[in-house]
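Undergrad: Can you build the whole structure from these sequences, using the hints too?
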Amino acid sequence: MNLERYKLIVSQEQGQYEFLSEGPKGVIRKVIHYLPIGNSIYNLGFGDWDEVNQKINDKSRSNNGDREKILVTVADSVMHFMQLHPRAIVFSRGETPSKTRLYQMVIAREWKTISKLYKIKGFYLGKWEDFIPAKNYDAFTLEILQ
Amino acid sequence: MSVARKKKGEIKVTIVKDMRDYSEDPFFKKKAESAKEFLKKHPLPESSKKK
Numbered sequence: 001m002n003l004e005r006y007k008l009i010v011s012q013e014q015g016q017y018e019f020l021s022e023g024p025k026g027v028i029r030k031v032i033h034y035l036p037i038g039n040s041i042y043n044l045g046f047g048d049w050d051e052v053n054q055k056i057n058d059k060s061r062s063n064n065g066d067r068e069k070i071l072v073t074v075a076d077s078v079m080h081f082m083q084l085h086p087r088a089i090v091f092s093r094g095e096t097p098s099k100t101r102l103y104q105m106v107i108a109r110e111w112k113t114i115s116k117l118y119k120i121k122g123f124y125l126g127k128w129e130d131f132i133p134a135k136n137y138d139a140f141t142l143e144i145l146q
Numbered sequence: 147m148s149v150a151r152k153k154k155g156e157i158k159v160t161i162v163k164d165m166r167d168y169s170e171d172p173f174f175k176k177k178a179e180s181a182k183e184f185l186k187k188h189p190l191p192e193s194s195k196k197k
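First to last, the sequence lines map onto chains A and B. Numbering follows my numbering, in which position 14 of the first sequence is assigned residue number 14; successive positions increment by one, without gaps. Numbering follows my numbering, in which position 16 of the second sequence is assigned residue number 162; successive positions increment by one, without gaps.
Hints were generated in silico from the structure; no laboratory data involved. Be careful, since some hints might not be right.
[Claimed, not checked] In the PhoX-like style, the derived pairs of lysine-lysine whose C-alpha atoms are separated by at most 20 Å in a straight line are:
(1) K175(B) to K55(A)
(2) K158(B) to K69(A)
(3) K99(A) to K175(B)
(4) K176(B) to K99(A)
(5) K7(A) to K69(A)
(6) K99(A) to K135(A)
(7) K182(B) to K127(A)
(8) K55(A) to K25(A)
(9) K7(A) to K186(B)
(10) K186(B) to K127(A)
(11) K55(A) to K69(A)
(12) K127(A) to K187(B)
(13) K7(A) to K163(B)
(14) K99(A) to K69(A)
[Claimed, not checked] Partial chain B-side listing against chain A, Cβ under 7 Å, derived:
(15) I157
(16) V159
(17) T160
(18) I161
(19) V162
(20) E170
(21) F173
(22) F174
(23) A181
(24) K187
(25) P191
Where is the CB? At the ideal position from N, CA and C, for every residue including glycine.
TA: Written as structure tokens, this is what we have:
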């Protein structure tokens, strides 16, 4: 599938990715960070760079009219990161339940492709289970299918 | 700066050496701490634990 995406730049040593979102609200620098949090486990962090305050803006909803393109680009970063760290487990939990649902929608939409490459687990009603596209999970993990 | 070559199934990215270090950003640190707490409370199943 040939989906629109942004160009990613990466600092491989730091597990950091950047891209520029372009739309009616202007150019917004987006940052993706894979921070190690345990034995081969990395937390996927994602936010907008706030140039004025020199920090990531965690509450931002940029509404730049490019949500799909952003999600495809974030998914690209996950795939690239997994190519560099094939033993990694990526943990993801959105800032809000709606953001977590959004991530889930992307996984569900691309499930045919994703499920051939990765093992995804979702946290549902107090326990981890294999991802089922129609469920609303609180958190996810992703790892390469062995 | 270098551009990674795209092979089949690979993601095209531009590799840089001088990116700002975001690892100390309060947002990412808070997110990572929150994730650690979550996984401490709800550990991953044995099948996901790396040897």
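Undergrad: If a hint holds in the structure, say so; if it does not, say that too.
TA: Checked hints:
1. K175(B) to K55(A): 12 Å, holds
2. K158(B) to K69(A): Satisfied, since the Cα-Cα distance of roughly 15 Å is no more than 20 Å.
3. K99(A) to K175(B): Holds: K99(A) and K175(B) sit about 19 Å apart, inside 20 Å.
4. K176(B) to K99(A): Judged against 20 Å, a Cα distance of about 17 Å means the pair holds.
5. K7(A) to K69(A): At roughly 11 Å apart (the allowed maximum being 20 Å), K69(A) and K7(A) satisfy the hint.
6. K99(A) to K135(A): 14 Å, holds
7. K182(B) to K127(A): 16 Å, holds
8. K55(A) to K25(A): Holds, at about 19 Å.
9. K7(A) to K186(B): Judged against 20 Å, a Cα distance of about 35 Å means the pair is violated.
10. K186(B) to K127(A): Measuring from Cα to Cα gives roughly 13 Å; hence the hint holds.
11. K55(A) to K69(A): 23 Å, violated
12. K127(A) to K187(B): At roughly 11 Å apart (the allowed maximum being 20 Å), K187(B) and K127(A) satisfy the hint.
13. K7(A) to K163(B): 17 Å, holds
14. K99(A) to K69(A): Holds, at about 15 Å.
15. I157: 4 Å, holds
16. V159: Hint holds; V159(B) Cβ to chain A Cβ min 5 Å, cut 7 Å.
17. T160: This interface hint holds because 4 Å falls under the 7 Å limit.
18. I161: 6 Å, holds
19. V162: Check passed: Cβ of V162(B) comes within 5 Å of chain A, closer than 7 Å.
20. E170: Cβ of E170(B) sits 10 Å from chain A, so the hint is violated.
21. F173: Given a least distance of 4 Å, the restraint on F173(B) holds.
22. F174: 4 Å, holds
23. A181: Interface hint status for A181(B): holds (4 Å vs cutoff 7 Å).
24. K187: This hint is violated: K187(B) lies away from chain A, its Cβ roughly 10 Å from the closest one there, beyond 7 Å.
25. P191: 5 Å, holds
Of the numbered hints given earlier, the model fails hints 9, 11, 20, 24; all others are met.
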